[in-house]
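A.B. asks: Please model the complete structure; the sequences and the hints are all you need to start from.
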Amino acid sequence: EPEVTQTPSHQVTQMGQEVILRCVPISNHLYFYWYRQILGQKVEFLVSFYNNEISEKSEIFDDQFSVERPDGSNFTLKIRSTKLEDSAMYFCASSPRQGMNTEAFFGQGTRLTVV
Amino acid sequence: AQSVTQLDSHVSVSEGTPVLLRCNYSSSYSPSLFWYVQHPNKGLQLLLKYTSAATLVKGINGFEAEFKKSETSFHLTKPSAHMSDAAEYFCVVSEKEYGNKLVFGAGTILRVKS
Chain Y
90 EPEVTQTPSH QVTQMGQEVI LRCVPISNHL YFYWYRQILG QKVEFLVSFY NNEISEKSEI
150 FDDQFSVERP DGSNFTLKIR STKLEDSAMY FCASSPRQGM NTEAFFGQGT RLTVV
Chain D
457 AQSVTQLDSH VSVSEGTPVL LRCNYSSSYS PSLFWYVQHP NKGLQLLLKY TSAATLVKGI
517 NGFEAEFKKS ETSFHLTKPS AHMSDAAEYF CVVSEKEYGN KLVFGAGTIL RVKS
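Chains Y and D supply the protein sequences, listed in that same order. Using the numbering used here, the first residue of the first sequence is number 90, and each one after it goes up by one. Using the numbering used here, the first residue of the second sequence is number 457, and each one after it goes up by one.
Please keep in mind that the hints were generated in silico from the structure rather than gathered at the bench. All the given hints hold, so there is nothing to weed out.
Below, simulated DSSO-like cross-link-like pairs (lysine-lysine); rule was C-alpha separation at most 30 Å, straight line:
id	chain 1	residue 1	chain 2	residue 2
1	D	K505	Y	K146
2	D	K552	Y	K167
3	Y	K131	D	K505
Per label pair, the in silico range of CB-to-CB distance:
id	chain 1	residue 1	chain 2	residue 2	range
4	Y	T102	D	T511	43 to 49 Å
5	D	Y485	Y	S147	17 to 23 Å
6	D	T511	Y	S162	35 to 41 Å
7	Y	E92	D	S540	17 to 23 Å
8	D	P535	Y	E90	25 to 31 Å
9	D	S540	Y	N117	27 to 33 Å
Chain D side only, calculated, beta carbon under 7 Å to chain Y, not exhaustive:
id	residue
10	G499
11	L500
12	N556
13	K557
Each residue gets a CB set at the ideal place from its N, CA and C atoms; glycine is no exception.
C.D. replies: Rendered as structure tokens:
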């Protein structure tokens, strides 16, 4: 069964360092997302991506964050200068289409720890 | 804005007894509603979704959810809990009627006692 895969599963980084989280969405999907879950808090939307551009982003997704789909298969989230408060589980997701009742398919997550 | 409230942060049941995880939603239109499950060290897996074709929705692993518009509820049930059901469950609503941005509830941790 097709699945969304994320690498790495765990990432520890020094505060101020750049980090790139990688995702391979399901191959025929067109919509891609990043969500995150800070420990003890809700899963929250970061950004959606369609047709090689950001379609929507949350207030959290500031200039420190960027996304790209460099090669038609990978979908990456870059954090330029990590802060302690960026420590969270980051989930990548994809959907085949947009519309009512369309679920997102999630990866297993990358746990990012900023020290 | 659309939102969901999961009424219990933790639920504990004995194996073989029924499961009820409660969810209330707020939506200004006919909502897209989902239940996702997260097992330890696993991703978020879709359990079921409400499609407006039927108010009682059947999902995987014997779970069901009933959409009640009058009560703005979408509670998740299972007649008989299994040890493997122990996980965190999220009630989720789509933020826009035709969009894909999902809004998550706070989650309910289900514990199953032997």
